[in-house]
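Visitor: Take a look at the letters that make up each chain.
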Amino acid sequence: GQQLNQSPQSMFIQEGEDVSMNCTSSSIFNTWLWYKQDPGEGPVLLIALYKAGELTSNGRLTAQFGITRKDSFLNISASIPSDVGIYFCAGTRGVTGGGNKLTFGTGTQLKVEL
Amino acid sequence: DGGITQSPKYLFRKEGQNVTLSCEQNLNHDAMYWYRQDPGQGLRLIYYSQIVNDFQKGDIAEGYSVSREKKESFPLTVTSAQKNPTAFYLCASSIPDRGTEAFFGQGTRLTVV
Numbered sequence: 001g002q003q004l005n006q007s008p009q010s011m012f013i014q015e016g017e018d019v020s021m022n023c024t025s026s027s028i029f030n031t032w033l034w035y036k037q038d039p040g041e042g043p044v045l046l047i048a049l050y051k052a053g054e055l056t057s058n059g060r061l062t063a064q065f066g067i068t069r070k071d072s073f074l075n076i077s078a079s080i081p082s083d084v085g086i087y088f089c090a091g092t093r094g095v096t097g098g099g100n101k102l103t104f105g106t107g108t109q110l111k112v113e114l
Numbered sequence: 115d116g117g118i119t120q121s122p123k124y125l126f127r128k129e130g131q132n133v134t135l136s137c138e139q140n141l142n143h144d145a146m147y148w149y150r151q152d153p154g155q156g157l158r159l160i161y162y163s164q165i166v167n168d169f170q171k172g173d174i175a176e177g178y179s180v181s182r183e184k185k186e187s188f189p190l191t192v193t194s195a196q197k198n199p200t201a202f203y204l205c206a207s208s209i210p211d212r213g214t215e216a217f218f219g220q221g222t223r224l225t226v227v
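For the record, the sequence lines run as chains C and U.
In terms of my numbering, the first sequence opens at residue 1 and continues consecutively.
In terms of my numbering, the second sequence opens at residue 115 and continues consecutively.
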């Protein structure tokens, strides 16, 4: 099955810096989601995007659904140590309703230096 | 509190043995999913179920089996036919009309020795 291309694979930044990561696909997606996973835990949903061009914020996090429907971006402003973890993008091609399958990106590992 | 519970957190099995991973949710979600995660990789779909007594194969179903006899439960059996079963297994559930927003359990790390 397809996996989404996510970049960068890893980032090592200083506390207070802004972070950007993106996710691309060769196919059109109708929904984009961003998850964060801490070591040994399940992913936690951060932001869900349902419309092309949509820009949505959740605290210091902002995500955008690309106009082409083939990409999405996640920005984290003023990073703090607890932002450390792996960030996954995920998308579906189907319309809403009844157990749509999520396709996941390969993940971006974020490390924050104090 | 409502949520998804996976058990056990860690599981060790000998090669050639079948093993069943538990997933229970009290969120009243119709849809449930099983994913496999290997180091440095994203999540790959094993099986999913949209409703009780129905389930579909995902991208990597070979060597796995599931059942969905109750809405709350979606156990996964890793059979001896799975050639590389050591991995982190994640269960998720979602509301049908918001099917894209899957909520995950805390995972089970299976190690086969």
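Since the hints were derived computationally from the structure, they do not count as laboratory data.
Take these hints with a grain of salt, some might be off.
DSS-like, lysine-lysine: derived pairs with alpha carbons at most 27 Å apart [to be verified]:
id: 1; chain 1: C; residue 1: K111; chain 2: U; residue 2: K171
id: 2; chain 1: C; residue 1: K101; chain 2: U; residue 2: K197
id: 3; chain 1: U; residue 1: K171; chain 2: C; residue 2: K101
id: 4; chain 1: U; residue 1: K171; chain 2: U; residue 2: K184
id: 5; chain 1: C; residue 1: K101; chain 2: U; residue 2: K185
id: 6; chain 1: U; residue 1: K128; chain 2: C; residue 2: K111
id: 7; chain 1: U; residue 1: K128; chain 2: C; residue 2: K101
id: 8; chain 1: C; residue 1: K70; chain 2: U; residue 2: K171
id: 9; chain 1: U; residue 1: K128; chain 2: U; residue 2: K185
id: 10; chain 1: U; residue 1: K197; chain 2: U; residue 2: K123
id: 11; chain 1: U; residue 1: K123; chain 2: U; residue 2: K171
id: 12; chain 1: U; residue 1: K123; chain 2: U; residue 2: K185
Some residues of chain U that are not near chain C, with every Cβ distance over 12 Å (derived) [what the hints assert, rightly or not]:
id: 13; residue: Q120
id: 14; residue: S136
id: 15; residue: N142
id: 16; residue: G154
id: 17; residue: Q155
id: 18; residue: L157
id: 19; residue: S181
id: 20; residue: T191
id: 21; residue: T193
id: 22; residue: K197
id: 23; residue: Q220
id: 24; residue: R223
Just so you know, these numbers come straight off a predicted model, no measurement behind them.
For each residue, glycine too, the CB sits at the ideal point set by N, CA and C.
Visitor: Run the structure past the numbered hints and jot down the numbers of the failing ones, going up.
Guide: 1, 6, 7, 9, 13, 16, 17, 18, 23, 24
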